[in-house]
Amino acid sequence: DSGVTQTPKHLITATGQRVTLRCSPRSGDLSVYWYQQSLDQGLQFLIQYYNGEERAKGNILERFSAQQFPDLHSELNLSSLELGDSALYFCASSARQGAFDTQYFGPGTRLTVL
Amino acid sequence: GQQVMQIPQYQHVQEGEDFTTYCNSSTTLSNIQWYKQRPGGHPVFLIQLVKSGEVKKQKRLTFQFGEAKKNSSLHITATQTTDVGTYFCAGRNSGAGSYQLTFGKGTKLSVIP
Chain A
382 DSGVTQTPKH
392 LITATGQRVT
402 LRCSPRSGDL
412 SVYWYQQSLD
422 QGLQFLIQYY
432 NGEERAKGNI
442 LERFSAQQFP
452 DLHSELNLSS
462 LELGDSALYF
472 CASSARQGAF
482 DTQYFGPGTR
492 LTVL
Chain B
53 GQQVMQIPQY
63 QHVQEGEDFT
73 TYCNSSTTLS
83 NIQWYKQRPG
93 GHPVFLIQLV
103 KSGEVKKQKR
113 LTFQFGEAKK
123 NSSLHITATQ
133 TTDVGTYFCA
143 GRNSGAGSYQ
153 LTFGKGTKLS
163 VIP
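Residue numbers (our numbering), protein chains in the order written: chain A, 382 to 495; chain B, 53 to 165.
Since the hints were derived computationally from the structure, they do not count as laboratory data. Please note that the accuracy of each hint is not assured.
[Unchecked claim] Chain A is faced by these chain B residues, among others (derived, beta-carbon under 8 Å):
1. I59
2. T80
3. N83
[Unchecked claim] Over 10 Å on every C-beta distance to chain B, these chain A residues come out as not near it, computed from the model:
4. S383
5. R399
6. Q422
7. L424
8. Q429
9. Q448
10. E463
11. V494
Quick caveat: nothing in here was measured; it's all calculated off a predicted structure. Glycine included, every Cβ here is placed at the ideal spot set by N, Cα and C.
From just these sequences and the hints, can you work out the full model?
Structure representation (structure tokens):
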């Protein structure tokens, strides 16, 4: 158990809908990262927050947004969902945002868009 | 942007055989990390390499960081069924403010008992 929690574990929804994925980092970790993992694909970095502020953006679509709250939990909002958004979404956390920080991954949310 | 290429994409080995996965970056890295993802699981940190030419061992696993800090490898000696999973390398660019990890696509290892 990494100490990172993600809810829900599974999510099934229809095209055009909007969903929110939630992540609670390890106790004391200030950085949260979101990744998308499609079938047979690597981990695509989406976005990073550090202590409530956005710090880095990767290949995140404009239909997706995220935020980190004062209690450091984070939410990833996916809207106008398309079939191709079906994937595993992982949240990871690290103590700070140092160049040598290890990332601890949550169990992931499996999103299925029908 | 930074790209991290990993080969092979898949590897099937007989139990007891050795296994190696290679990682190459288009840019010089400040450090590289390796993660393992078991089937149905999430990535779990294995190790971090920081110095040019660094070699680290964890039991049957040997990790190397290239002299130019642009490539890395993971070698498993005498694979076991517990080694099954996808191995990812992840590199960080050298340079101020570059803390983002770029993951390779991973090597999926199957071990035939």
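Outcome of the hint check:
no. : hint : result
1   : I59  : violated (12 Å)
2   : T80  : violated (13 Å)
3   : N83  : holds (6 Å)
4   : S383 : violated (7 Å)
5   : R399 : holds (25 Å)
6   : Q422 : violated (6 Å)
7   : L424 : violated (4 Å)
8   : Q429 : violated (7 Å)
9   : Q448 : holds (19 Å)
10  : E463 : holds (22 Å)
11  : V494 : holds (20 Å)
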